[in-house]
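Asker: Protein sequence lines, in the order shown, are assigned to chains A and B. Using UniProt numbering, you'd call the opening residue of the first sequence number 1 and step up by one each time. Using UniProt numbering, you'd call the opening residue of the second sequence number 1 and step up by one each time.
Simulated from the structure, these hints should not be mistaken for lab results. Watch out, some of these pointers could steer you wrong.
The list makes no distinction among identical chains, and a pair is therefore deemed to hold if it is satisfied within one copy or across any two copies.
What the hints assert, rightly or not - Heads up, simulated SDA-like pairs for lysine to any residue below, C-alpha to C-alpha not over 25 angstroms straight-line:
#, residue 1, residue 2
1, K19, R75
2, K10, N49
3, K10, G29
4, K10, E74
5, K10, D54
6, K2, D54
Protein chains: 2
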Amino acid sequence: MKTRVYVTLKNGVLDPQGKAIHHALEGLGFSGVNDVRAGKLIELDLADNVGDADVEAMCRKLLANMVIENFRIERVADAAPAA
Amino acid sequence: MKTRVYVTLKNGVLDPQGKAIHHALEGLGFSGVNDVRAGKLIELDLADNVGDADVEAMCRKLLANMVIENFRIERVADAAPAA
Chain A
1 MKTRVYVTLK NGVLDPQGKA IHHALEGLGF SGVNDVRAGK LIELDLADNV
51 GDADVEAMCR KLLANMVIEN FRIERVADAA PAA
Chain B
1 MKTRVYVTLK NGVLDPQGKA IHHALEGLGF SGVNDVRAGK LIELDLADNV
51 GDADVEAMCR KLLANMVIEN FRIERVADAA PAA
């Protein structure tokens with residue numbers, strides 16, 4: 001079973017990567033960009049017996065830094081490709 | 001207007017970061033993890049006059065490396081938080 005984990009910085013946490021992307025977009029001439037926040041998308045291919053509690057534990061122990069990041073778990077039907 | 005861009009590696013492209021996460025999860029004792037693919041989630045806060053074509057151009061020129069990455073653009077209603 002396919003599961004996606006979205007890891008994003010908590011509000012108020014400085015995002016130097018987002019700032020750099022924002023600056024680069026403006027340098028390329030793109031206007032109308034008010035803010036950019038960079039995060040992580042982790043796609044897990046899991047056995048069917050791996051439950052939500054296990055995935056949550058993976059996030060808390062490894063995938064997200066709970067001090068500065070939030071995470072969101074999304075179970076994906078096999079058919080929907082990420083991109 | 002809030003827009004999310006999901007950047008993922010194309011199939012077949014080696015993902016060392018995903019491999020490292022996979023290895024670390026197993027080291028922490030998590031079983032049932034068949035594969036891990038790491039990608040990027042970029043949240044853009046855009047002015048209303050920035051159209052889909054502009055966002056696509058941002059992706060092609062900067063946010064995604066078109067040789068090895070795919071991207072998917074998602075327009076977000078203001079209410080839905082990312083995580």
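Asker: Which holds for K10 with D54 at a C-alpha limit of 25 angstroms: within a copy, between copies, both or neither?
Answerer: The answer is within: 23 angstroms in one copy meets 25 angstroms, while 27 angstroms across copies does not.
Asker: Is it within a copy, between copies, both, or neither that the alpha carbon of K19 lies no farther than 25 angstroms from that of R75?
Answerer: between (30 angstroms within a copy, 21 angstroms between copies)
Asker: Are the CA atoms of K10 and G29 at most 25 angstroms apart within a copy, between copies, both, or neither?
Answerer: neither (29 angstroms within a copy, 28 angstroms between copies)
Asker: Pop the pair K2 and D54 into one bin, within, between, both or neither, using alpha-carbon distances up to 25 angstroms.
Answerer: within (14 angstroms within a copy, 31 angstroms between copies)
Asker: Using 25 angstroms as the alpha carbon limit, work out where K10 and N49 are close: within a copy, between copies, both or neither.
Answerer: neither (31 angstroms within a copy, 27 angstroms between copies)
Asker: Within a copy, between copies, both or neither: where do K10 and E74 come within 25 angstroms Cα-Cα?
Answerer: For K10 and E74, both the intra-copy (18 angstroms) and inter-copy (20 angstroms) Cα distances are at most 25 angstroms.
When each numbered hint is compared with the structure, violations occur for hints 2 and 3.
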